[in-house]
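Q: Chain B is fixed; fit chain V onto it per the hints.
There are 2 protein chains.
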Amino acid sequence: MLRLRLAAAAWCSAPRRPLSVSPRRLAAGSALKTPKGTRDHPPAQVALRDRLVGTVVACFKRHGAAAIDTPVLELRETLMGKYGDNSKLIYELQDQGGELLALRYDLTVPFARYLAMNKITNIKRYHIAKVYRRDNPATTRGRYREFYQCDFDIAGQFDPMLPDAECVKIVHEILSDLQLGDFLIKVNDRRILNGVLAVCGIPESKFITTCSTIDKLDKVPWEYVKNEMVGEKGLSPEAADRIGEYVQLHGGLDLIEQLLQDPKLSQNKLAKEGLGDMKLLFEYLTLFGITGKISFDLSLARGLDYYTGVIYEAVLLQQQNDHVEDPVSVGSVAGGGRYDGLVGMFDPKGRKVPCVGVSIGIERIFSILEQRVEASEEKIRTTETQVLVASAQKKLLEERLKLISELWDAGIKAEILYKKNPKLLNQLQYCEDTGIPLVAIVGEQELKDGVVKLRVVATREEVNIRRENLIEEIRMRTSQL
Amino acid sequence: MLRLRLAAAAWCSAPRRPLSVSPRRLAAGSALKTPKGTRDHPPAQVALRDRLVGTVVACFKRHGAAAIDTPVLELRETLMGKYGDNSKLIYELQDQGGELLALRYDLTVPFARYLAMNKITNIKRYHIAKVYRRDNPATTRGRYREFYQCDFDIAGQFDPMLPDAECVKIVHEILSDLQLGDFLIKVNDRRILNGVLAVCGIPESKFITTCSTIDKLDKVPWEYVKNEMVGEKGLSPEAADRIGEYVQLHGGLDLIEQLLQDPKLSQNKLAKEGLGDMKLLFEYLTLFGITGKISFDLSLARGLDYYTGVIYEAVLLQQQNDHVEDPVSVGSVAGGGRYDGLVGMFDPKGRKVPCVGVSIGIERIFSILEQRVEASEEKIRTTETQVLVASAQKKLLEERLKLISELWDAGIKAEILYKKNPKLLNQLQYCEDTGIPLVAIVGEQELKDGVVKLRVVATREEVNIRRENLIEEIRMRTSQL
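Residue numbers (the working numbering), protein chains in the order written: chain B, 66 to 546; chain V, 66 to 546.
Source of the hints: derived by calculation from the structure; they are not laboratory data.
You may find that some hints are simply not true.
[Unchecked claim] Stretches of chain V that chain B covers, calculated by requiring three or more beta carbons in the stretch to come under 8 Å of a beta carbon on chain B:
hint, region
1, 291-302
2, 349-362
3, 467-474
[Claimed, not checked] A few chain B residues that face chain V, going by a derived Cβ cut-off under 7 Å, partial list only:
hint, residue
4, E157
5, L158
6, K271
[Unchecked claim] With a straight-line cut-off of 30 Å between C-alpha atoms, the simulated DSSO-like cross-links for lysine-lysine are:
hint, chain 1, residue 1, chain 2, residue 2
7, B, K281, B, K334
8, V, K344, B, K485
9, B, K467, B, K417
10, B, K101, B, K195
11, V, K334, V, K195
12, V, K195, B, K184
13, V, K184, B, K485
14, B, K467, V, K358
15, V, K195, B, K344
16, V, K488, V, K513
17, V, K344, B, K484
18, B, K126, V, K195
19, B, K195, V, K153
Note that this is a predicted model, so its numbers are computed, not measured.
Yeah, the Cβ is synthetic: ideal placement off N, Cα and C, and Gly gets one too.
Looking at chain B on its own, in the form it has when it is part of the complex:
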């Protein structure tokens, strides 16, 4: 123990490994599980996830975003009062003396805290990390208590809708790059929604609850929604019908123009602002050439009183004759919007930093890709080893070690079996099992001739390569892999 404490003191954060384990303190076998709603990621999952995250990050970087990292732990008071009723889902740490801590619930509140704390008024950043929710998720459907969020946000005071349009473009690029099938990006603006409710004579006190009903329109028919409005939310049938005339609308520029001419709506200041910006957004998205997959949808509400302007949500569309996905798996895979008020909540002087962002549902997308891989029976390699250094006869361990050391030092990804005298068959089998494409076989004769026998696992083709050319040959043969 003492050693390690000394170590810590003298060596800053030198690698610290576990200490003094005495068999007396065996862990109970009962501990052999991960906490509820959490999971280990075995190599195959990490490999697939890396592929997914790689595609997403490439897009974020293509748009000039920088990465930041914030602690998993936040002060309890930083998170409290940010998530409404959901605050009860926040993991709190035991009071072990000192500050009261909690695990982050998402990446957006820490981002706002980071901006206010560092007085940053202008940044384009992405952040991919785990967040924590004491939920009761259906892990069978890929939902967990510890899960990754993948956020891209643009903070700063800019000309209208330019960052907003880029966020929508990013969603379009990522979903296209990932080839998840057909998708639709619904857009709306909370100011338009508020305007609609206002001109339909709904008291502001009923906005939120009414919107949560409207929000169901993507799952249930209007009649159901109307009944809930009248029956549960206490709206008059006439008011409900007036709302219905609006929220069942969806379209593009034409619809925006039509609503800008709407005698009632055009009189509402908020709605007019929202429609003006929506028009601008569509003009920009037209220049990006992506309006084909954009739908201005007045029923889209999202987390309403969190957003202050444009909101959007990408959904995958059910495909005909697609046996990979079942209906359940079709749903929202990205969403976001403008939130100009959050950062100001952390600034002592309440200084606002306008923000717009998008969250890519990588857990959702990950489980879709997992289904795809299973269906396609594609075997994902969990390692990148290019060549196994094998021996044809016994007593060649030294030669194997000399050769593999040369390969490592040349940057070749290489493995050997950790056996003094492995059977050639076992060595070849290992390549089959792990997908290693090449085997460099050292044998007595080859050593005499100054060559190495290079075997292509897939074709079983074998060629003798002069030792001095081996590295080049391996590079050449694996460059496409």
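A: Just chain V now, kept in the frame of chain B:
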């Protein structure tokens, strides 16, 4: 709110963003900090860390390792009884109903839990992730309560010292690749150390405490160590001197041979085993050609009763005329060893899975690299943007958006200023500030001529490129960057 709950239920892990923020529940300005011992990583730090991690991961993959991920949360009982006195440094979560949880203290115990839980008897894995310790770290010296660990481990029953030798080779490769200056890898074996103490007549009950004293030999002279042994640990001066004759020794194969001939030590079974394996290790390291930086050092102990065999630790050596590092910053940057008992602690039947691993001190190395960067005044780019799409005159926003959209779709990393009519000077200044190497300038004349003016920020050279050749030109000019 309802919307989001519905969403969660119906859409699996669709992106979930913060909810209902009402200005009434403003966070206190006092919350504007990260928890004690934690920190945000701004873009420049993340960029430098990515560079470092990239080098380390490249080495792990070169050696055929796969990546796994485990939850930050573990069952309390999984961690308890694994860290001796340090268990008091474990962060525990509040009992909010359900399981008692804690934050992982390192990556090794979760790894052992993972192996036992999944009955994995054979894996080569790396894991780079944050761990948590309720320590009182000197954050001024780069130590934190939330920090990254970077572990590579080989689990499985193999022929002696082959995986062990590869771990040492990996440390050698990583420290060489990172160009941290001269370094030394000390190796020892806990069986040799136990043997030494036994033949010096030390009762087993005093092994641990004596070792923690011996361990100080790398910081203080022998006299100090001897005094502590005699004064504090109650050893006889003679016994202390006998120990001194051994633990002050360090060397290579020659020393191993000498100790194998040692009349006393050669009679001790444990010591003999350890020396035999140490000889084998040196033979393998000789084949790897790295013995020049290896020292068999009998004073190296590390977390003694955790390790069961070979142990090693890499230290940076103080360099002459090196103004970058101060003496304090010289120390251990990697360490590890063989631990054959840990996995068995989790297996109900106590089945053992021999393991050997190494932990790279990336926090330590990161702070060294940070010092280097500061000293060198190298400006680290936080983004990878290749080109800024700029305009020479007003009213060219549409053209800028059309062009940048083409570039994004072609995979070019491009940005624009989010202004309708930005001044050319401001656009050029933005490139200077963020290190963007190229500017694609659209102007009225260029549009007429079907060209784009490409400006090299560094040289201020400007060339007109035909629009259809622009993407190729940008790729060509940024391929080396």
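Q: Decide, hint by hint, whether the structure agrees.
A: To see whether the hints hold, each was checked on the structure:
no.: 1; hint: 291-302; in the structure: violated (count 0)
no.: 2; hint: 349-362; in the structure: holds (count 4)
no.: 3; hint: 467-474; in the structure: holds (count 4)
no.: 4; hint: E157; in the structure: 4 Å, holds
no.: 5; hint: L158; in the structure: 6 Å, holds
no.: 6; hint: K271; in the structure: 13 Å, violated
no.: 7; hint: B/K281 to B/K334; in the structure: 26 Å, holds
no.: 8; hint: V/K344 to B/K485; in the structure: 16 Å, holds
no.: 9; hint: B/K467 to B/K417; in the structure: 63 Å, violated
no.: 10; hint: B/K101 to B/K195; in the structure: 16 Å, holds
no.: 11; hint: V/K334 to V/K195; in the structure: 40 Å, violated
no.: 12; hint: V/K195 to B/K184; in the structure: 26 Å, holds
no.: 13; hint: V/K184 to B/K485; in the structure: 25 Å, holds
no.: 14; hint: B/K467 to V/K358; in the structure: 18 Å, holds
no.: 15; hint: V/K195 to B/K344; in the structure: 45 Å, violated
no.: 16; hint: V/K488 to V/K513; in the structure: 21 Å, holds
no.: 17; hint: V/K344 to B/K484; in the structure: 17 Å, holds
no.: 18; hint: B/K126 to V/K195; in the structure: 24 Å, holds
no.: 19; hint: B/K195 to V/K153; in the structure: 25 Å, holds
Of the hints listed earlier, those the structure fails to meet are numbers 1, 6, 9, 11, 15, in rising order.
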